[in-house]
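*Asks:* Could you put together the complete structure from these sequences and hints?
Number of protein chains: 2
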Amino acid sequence: MRQRRPARTPNAIPQPPFGQVPRGYEPIRVLSDDQVEAIHQAALTLLETQGMRVLNGRALDLFRQSGARVEGNMVFPDAGLIEERLATVPPRFRIAARNRAKDLRFGGNDMVFASVGGPAYVMDIDRGRRDGTLQDMQDFLRLCHSLNIVQQESGGPLEPMDLPAATRHLDLYLSQITLLDKSWQLNALGRERTMDGINMAALAMGWSLDDLARQPMMMGVINTNSPRQLDDPMSQGLIALAEHGQVAIVTPFTLAGAMAPVSLAGALVLQHAEAMFGVVLTQIVRPGVPVMYGGFTSNVDMKTGAPAFGTPEYAKAAQASGQLARRIGVPFRSSNTTAANALDAQAAYESMMSLWGCLMGGAHLVNHGAGWMHGGLTASFEKLILDAELLGMMQSYFRPIAVNDEALSLEAIAEAGVGGHFFGTAQTMAQYETAFHAPMLSNWDNYPTWQARGSEEAPQRANRIWKDLLTHYEEPPLDEGIRAALEDFVARRKAEGGAPTN
Amino acid sequence: MRQRRPARTPNAIPQPPFGQVPRGYEPIRVLSDDQVEAIHQAALTLLETQGMRVLNGRALDLFRQSGARVEGNMVFPDAGLIEERLATVPPRFRIAARNRAKDLRFGGNDMVFASVGGPAYVMDIDRGRRDGTLQDMQDFLRLCHSLNIVQQESGGPLEPMDLPAATRHLDLYLSQITLLDKSWQLNALGRERTMDGINMAALAMGWSLDDLARQPMMMGVINTNSPRQLDDPMSQGLIALAEHGQVAIVTPFTLAGAMAPVSLAGALVLQHAEAMFGVVLTQIVRPGVPVMYGGFTSNVDMKTGAPAFGTPEYAKAAQASGQLARRIGVPFRSSNTTAANALDAQAAYESMMSLWGCLMGGAHLVNHGAGWMHGGLTASFEKLILDAELLGMMQSYFRPIAVNDEALSLEAIAEAGVGGHFFGTAQTMAQYETAFHAPMLSNWDNYPTWQARGSEEAPQRANRIWKDLLTHYEEPPLDEGIRAALEDFVARRKAEGGAPTN
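Taken in order, these protein sequences are the chains called A and B. Residue 373 in this note's numbering is what sits at position 373 of the first sequence, and the numbering runs on without skipping anything. Residue 12 in this note's numbering is what sits at position 12 of the second sequence, and the numbering runs on without skipping anything.
These are computed hints drawn from the structure, not numbers from a lab. Note that CB positions come from ideal geometry on N, CA and C, so glycine has one too. The reader is advised that the hints may include incorrect statements.
[Unchecked claim] What the simulated footprint calls covered on chain A by chain B, stretch by stretch (three residues with Cβ under 8 Å from a Cβ of chain B suffice, anywhere in the stretch; the number is not a length):
{"#": "1", "region": "14-28"}
{"#": "2", "region": "351-357"}
{"#": "3", "region": "385-391"}
{"#": "4", "region": "409-420"}
[What the hints assert, rightly or not] Quick list of in silico lysine-lysine cross-link-like pairs, DSS-like style, CA-CA up to 27 Å:
{"#": "5", "chain 1": "B", "residue 1": "LYS467", "chain 2": "A", "residue 2": "LYS303"}
{"#": "6", "chain 1": "B", "residue 1": "LYS467", "chain 2": "B", "residue 2": "LYS102"}
{"#": "7", "chain 1": "B", "residue 1": "LYS102", "chain 2": "A", "residue 2": "LYS467"}
{"#": "8", "chain 1": "A", "residue 1": "LYS102", "chain 2": "A", "residue 2": "LYS467"}
*Replies:* The structure is reproduced here in structure tokens:
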């Protein structure tokens, strides 16, 4: 039986069309309401009694002016202040993409799948792990454009080491805007990088910064330095985003046993306190600005201190984090993580634990949704394809089973008869083309056929798929005037020296 | 930091101890209550109006005597009969193991992880896929004994082709009883194989058949021949199990698009009807006998007709099946499945989809929990280890996060200080040995270390683990009188010719 696929990219790889599918089921609750409340109250107590260190004068002033107790660079916001400021956070928001047909909904039952952001290295099975280049970065971005299940680019998949550190972000932004027509994230490390991203987003649309504030496009990850510290570059990034109506994704990196308590509940208390602290700062800067609550609690290998990902603890923490974020009404960001060194079974099962953890935890954004390897140090071309397959499976899973008279199939069952089969029933003939999820990477040949066709395993299939996608990539159209304005901006900012480097 | 593991087998592989961990969270509900009811009512209508073919005179008589309409070999039980008979099914039961410390609880939030049962072939990465032998079967059973997370053996991991088909089951039963001290399942294909299993279970304990009926030990899978047929050998097996107070696991094999409607709801209607039909027959034979509702709905690849497993449809169907089983109060069996041909990422992600589907669907028994490859045609030694890792992760996930004053960790957070770390806090020092799940197969080395140690991927690690377990295997003790009685029984039954073969 041959199947006409539901949609095709211009290339040969079958894919469902671009689009968000709401989670059709209630999130898993790993904590009782009382337990959520206990963690929330402990986090409030932590902020009020132990406080956060803030290494940025502007942020200290903002907290002081809003009524928080500030002593030196320590801020001790009380529960009243926190809860008052949390009340202005919007529970849902919309992010514009360059192609407005690819705008994204955040909040409620909607979820967004973003590609990997931030690794130092790049990898594929032909060339191994290596320092990345502009060419690698652009190829990765082209694949993010080509993969419909990747709904947002996540702020740069790898460091292009052939470019100067101070201006690399400008090449990234220009590449994101020209090679993709989807939503992209910026690099929020310091005010300059953040403002360059915001300015280029406005240029890309021909909008003013006021237009952009009315319809946000930019999102950036703000990591706290756990435990209990918000550093200067991240403070700058957060403030610049919030001032301009753009979205800070406030994400403590609370590895239980290392930067956070060995007790998961304690790691969640610390995460919740730090996330609330950052979220509150955005609302002090600009009440009502959209913002996200990032959960990244995982654990370390207690034998070595090495970070572990996609563990049972990770899945539980992700689902608990979703409950905590819903408790305070802030849209929730989680991630697709693994510590695996190869594109093997471990990479798949750790990513699956992560995805079930975060998606059934009610995540509204899966950062690092596709391409993350080596605990976040490496962007992998084959992992990008593997994760696209996993995200596609999860998206199909989230479409509820249709139950109606036709679907209940009493006629089809009568037609097939006792001991018969359903290949030829009228129902099957009408529905077989779109009835089931069509995979991209999975191989369902029987064993002798699979052997006869070369015994190709998942990494080799993934390698073939990304090369095929790259061969068939077509750059999305962009107005030439806008392209010129963006190039002028980049040239001017490069001449000015770009952004400070550490 | 070195970790003293929470428990050790006699060999070098760290494992948590044997024991069931209840699912700490509510199952996922993929259907609304109305949808569950619609499927249930459609299944009742199907049984009453279209009926089931039964190829066994005794079963036809039993249905007739219980008031069902019977025409030729077609049985049309009405809703009143079905619901009356379902009312006597026990919601929970306990299965005795040879080592009573390994007895198993079925029902409620308890779940049991069983090894693979039924494949024709055996495989490992050294020797490839091949016909199995008694030696292979016994080695596989030894590993099931050694792996604490495998809580029940599932009725024979592979066909020992070096033994005659008519008496192979006797060698299996003797091997199960002598090589394992855990619970095991029998092969319910016909009355002889079923009764041999029941008699040998009683002999193994020095019990009478009445003792065994009071405390069941035996379980066996009863597959309907979907659509709408119960064949003669399976009828015999079901009746023999129920007569003796043992557990039939009634499992339709409803592949959507092949033996069941292409519509998932329709496949579930057919599954539900056939499962209820078999369950009801057990209650007619012996009211109150424990029984299980098996769900095995998956889909086929509509391009080729090949069965697909661990798909999004499989996960949804498993969770819907759990809701249907709970609707009628029958403990629920599901499975860990994959169609992958290699121990690659696909094998892992399809198994993970299966496990999240079935365990968060409220499965009380995961048959084929460990070792299933090639859509069930092959028992793999490395897949056994991979699945043991996945089951171990799921078991850890099901332990809820502890939330209490100590766990909330405000003291530990104060002790670590701003920007500090938690490696040396009193809390970490007290808890690090057991705080986190310790994996068996996962490798968390950083990439350069992993490369320096030989770049070993998951299949090679799994291969090393099963060989190590086998090297360190110790046969559990068995009373010599019981061993002699079992050997006499097997010799006598072999002399009698064993069981009919097809």
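*Asks:* Counting residues of the region 351-357 of chain A that have a beta-carbon nearer than 8 Å to any beta-carbon of chain B, does the count reach 3?
*Replies:* Since three or more residues must qualify, the claim that chain B covers the region 351-357 of chain A holds, with 4 doing so at under 8 Å.
*Asks:* So if I understand the rule, the pair passes when the alpha-carbon distance is 27 Å or less; does A/LYS102 with A/LYS467 pass?
*Replies:* 24 Å, holds
*Asks:* Take a quick look at whether B/LYS102 and A/LYS467 sit within 27 Å of each other, Cα to Cα.
*Replies:* Roughly 52 Å between the alpha carbons, so the hint for B/LYS102 and A/LYS467 is violated.
*Asks:* With a Cβ-Cβ cutoff of 8 Å, does the region 385-391 of chain A contain at least three residues near chain B?
*Replies:* holds (count 3)
*Asks:* Just to make sure I understand the rule, a stretch counts as covered if three or more of its residues have a C-beta closer than 8 Å to a C-beta of the chain. Does the region 409-420 of chain A meet that for chain B?
*Replies:* Coverage by chain B holds here, the residue count being 10 at a Cβ distance below 8 Å.
*Asks:* Can you confirm whether the C-alpha distance between B/LYS467 and A/LYS303 stays at or below 27 Å?
*Replies:* Distance ~24 Å between B/LYS467 and A/LYS303 Cα, so the pair holds.
*Asks:* Please verify the coverage claim for the region 14-28 of chain A: does it have three or more residues whose C-beta sits within 8 Å of some C-beta in chain B?
*Replies:* holds (count 4)
*Asks:* Check the hint pairing B/LYS467 with B/LYS102 against an upper bound of 27 Å on the C-alpha distance.
*Replies:* Roughly 24 Å between the alpha carbons, so the hint for B/LYS467 and B/LYS102 holds.
Taken one by one, the earlier hints fail for this structure only at number 7.
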